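There are 2 protein chains.
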Amino acid sequence: MKIALIGLGSVGRGVAEMVAKKDLGITITAVADSTSVCMDADGIDIHTLLARKKKSGRCGDEGVSVTELLKKADYDALVEVSPTNALTGEPSIGYIKTALNRKKHVVTSNKGPICLAGKELRALAQKKGVALRYEATVAGAIPVMHLLEHGLAGNEILAIYGILNGTCNYILTRMADEGLTYDQALLEARELGYAEADPTYDVQGIDAAIKLVILANTIWGNGATLDDVERTGIDLLTADALRLAEEDGCTIRLIAEAIPRKHILRVSPRIIPKNHPLVVEGTLNALTLETDMAKEITLIGRGAGSVETASAIIGDLLYIRNHYDKRA
Amino acid sequence: MKIALIGLGSVGRGVAEMVAKKDLGITITAVADSTSVCMDADGIDIHTLLARKKKSGRCGDEGVSVTELLKKADYDALVEVSPTNALTGEPSIGYIKTALNRKKHVVTSNKGPICLAGKELRALAQKKGVALRYEATVAGAIPVMHLLEHGLAGNEILAIYGILNGTCNYILTRMADEGLTYDQALLEARELGYAEADPTYDVQGIDAAIKLVILANTIWGNGATLDDVERTGIDLLTADALRLAEEDGCTIRLIAEAIPRKHILRVSPRIIPKNHPLVVEGTLNALTLETDMAKEITLIGRGAGSVETASAIIGDLLYIRNHYDKRA
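Protein sequences appear in the order of chains A and B.
When we follow the working numbering, the leftmost residue of the first sequence carries the number 1, and every step to the right adds one.
When we follow the working numbering, the leftmost residue of the second sequence carries the number 1, and every step to the right adds one.
Hints listed in this document are in silico derivations from the structure and should not be mistaken for laboratory results.
Any given hint could turn out to be false.
[As the list claims (entries may be wrong)] Here are the computed lysine-lysine pairs in the DSS-like style, where the Cα-Cα straight-line distance is at most 30 angstroms: (1) A:LYS53 x B:LYS295; (2) B:LYS54 x A:LYS295; (3) A:LYS295 x B:LYS2; (4) A:LYS103 x A:LYS119; (5) B:LYS22 x B:LYS2; (6) A:LYS21 x B:LYS295; (7) B:LYS274 x A:LYS274; (8) A:LYS22 x B:LYS295; (9) B:LYS262 x A:LYS21; (10) A:LYS22 x B:LYS22; (11) B:LYS262 x A:LYS22; (12) A:LYS119 x A:LYS295; (13) A:LYS295 x B:LYS53.
Quick caveat, the model's predicted, so the values are computed rather than measured.
Take the sequences, apply the hints, and build the full model.
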């Protein structure tokens, strides 16, 4: 299986390293970072590629655009892991369309395109008879999409509840465990690299809301958008609120929830019993699926990380290889 | 998809009821309980069948053996959910072989045959080009087999740790929460129908060990047997031991664990921190998979129940229908 890898940040590097390390039957034939591209139909030597990137900051040469690369290169699947653009989804939406139009499968960890144009992209993939998979967009290493598709096939999904943002969960865990204020916990999260310089996207629940939209649309196909999500962040939470919850054997977590029967699509801090399966510590993610037959199934795992996210992408690639006919 | 359903206890009834209730494209063409059989190539009316079973204790007529039924009836997949025999696996092993030899797929919740003859049965299924699936044998409604097969494909599984017996988990939860003695908690579990009159199979860890063997052999294919499992039950645990664990912010759970690199295959009461994802309450099951890329993934859900187990069986049936060519 030949792949074109667009994006060589943390996730792209994780994918490249795992493809080089493991005997997965995957060959990388095209790579693009933000300023250069590299192409070899016989397979790019990944160690050389990563060494060049590390030394020069570039994986290859200028002069060929990513779109040209995607039109010319020899690959079976596009792995789109470039930085997400939550406002327009571009240029990734364009990259994905270019590949789908060439009847190439697409695997992505890129939330913007799937949140903003998921319906259109899924329809295009179906029309072209190829796969569009995006396990890595929601809850990192946790294979929730695979579970919905297979293990829980036959179940009606009644509701989902999840902790989909590790930064917020880290901050809330520290506030609860150590009695820190929000500002103290945020500072700590920044020092550890869990929070960005501008934490708005995480702490105001935007990141969790995007993931909720992706998940809800995948399950119910109801065309929800980010604007449909009722959203409250954690930035106004006080240490007192957490202390009060603790006194009742509870704690506070930022919960993303979708409950169609109640018309709920919401991200907000919720008080939950400390022994509830969803209450996970630190940067972990967790997700409960409420179903008609299996009842509640909870999944816990790493929501981010280079190799962890690569796990989800490789799971999608291997699924495509094993379940779709080989194309020329 | 036509199925032959062998066994009409709690799980068999759950499967029949869900097939009748949901539009899954599944038709039941043959049914056997412990004393009778029923067959109709055009599809058995499930409501009539279950009413007859309730009234007379029998689903159909005598005179035809289950083996004859499996040789004569028209079906694509055998659903084997008869009572498990942990000592010999019979007569279920024979039923499964009969179906596989006729090139029929097999789905089972029956632990005995898979624990005792899994390798042989998997080889026979492969030789005949049909599926043998047994998601329901381990951790009830939790789709762990599907996850190993798909979502985590590409990962090396380094270790598994799990709570695979709801009866023991209920007893330990009650001992910890209410300070009950083992005998008090067992009595309560019996009154609630969570423990059998003879609880040996559960409380001595045999049930958990059987599931561990099934899981370990599925992952690593190393031909482990029940005798290879180092096993300690919960029947000698004192309320004092639990109290001491609680004082350290920990609790005790019956953990089934397989760690090949340490040559560990063990079921035993273990002290674990109360905030560990594996610490679930009541009759829940939980399972942590330690992998090289995704790191730890924990799954929590119902380990038993009529409809919950039917969920796993139906997941297997739909997987077969969608991934195997239709046979005549």
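Now for the hints, and whether the structure bears them out:
1. This hinted pair checks out: LYS53 (chain A) and LYS295 (chain B) have alpha carbons roughly 27 angstroms apart, not beyond 30 angstroms.
2. Using a Cα cut-off of 30 angstroms, the hinted pair LYS54 (chain B) and LYS295 (chain A) holds, with the two alpha carbons roughly 26 angstroms apart.
3. For the proposed pair LYS295 (chain A) and LYS2 (chain B), the alpha carbon gap of about 26 angstroms is at most 30 angstroms, so the pair holds.
4. Distance restraint check for LYS103 (chain A) and LYS119 (chain A): the Cα-Cα separation of roughly 17 angstroms lies within the 30 angstroms cut-off, and the hinted pair is therefore satisfied.
5. Simply put, LYS22 (chain B) and LYS2 (chain B) have alpha-carbon atoms about 15 angstroms apart, close enough for the 30 angstroms limit, and the pair holds.
6. Straight-line distance between C-alpha atoms of LYS21 (chain A) and LYS295 (chain B) comes to about 16 angstroms, which keeps the hinted pair within the 30 angstroms bound.
7. Proximity of LYS274 (chain B) to LYS274 (chain A) is assessed by CA-CA distance (about 10 angstroms); at most 30 angstroms being required, the pair is judged to hold.
8. Simply put, LYS22 (chain A) and LYS295 (chain B) have alpha-carbon atoms about 16 angstroms apart, close enough for the 30 angstroms limit, and the pair holds.
9. At roughly 24 angstroms between alpha-carbon atoms, LYS262 (chain B) and LYS21 (chain A) fall within 30 angstroms of each other, so this suggested pair holds.
10. For the hint pairing LYS22 (chain A) with LYS22 (chain B), the CA-to-CA distance comes to about 42 angstroms; that exceeds 30 angstroms, so the pair is violated.
11. Among the hinted pairs, LYS262 (chain B) with LYS22 (chain A) is consistent with the structure: their alpha-carbon atoms are about 23 angstroms apart, no more than 30 angstroms.
12. Note on LYS119 (chain A) and LYS295 (chain A): the hinted pairing holds, with a Cα-Cα distance of about 28 angstroms set against a maximum of 30 angstroms.
13. Only pairs whose Cα atoms come within 30 angstroms are accepted, and LYS295 (chain A) paired with LYS53 (chain B) is accepted, the gap being roughly 27 angstroms.
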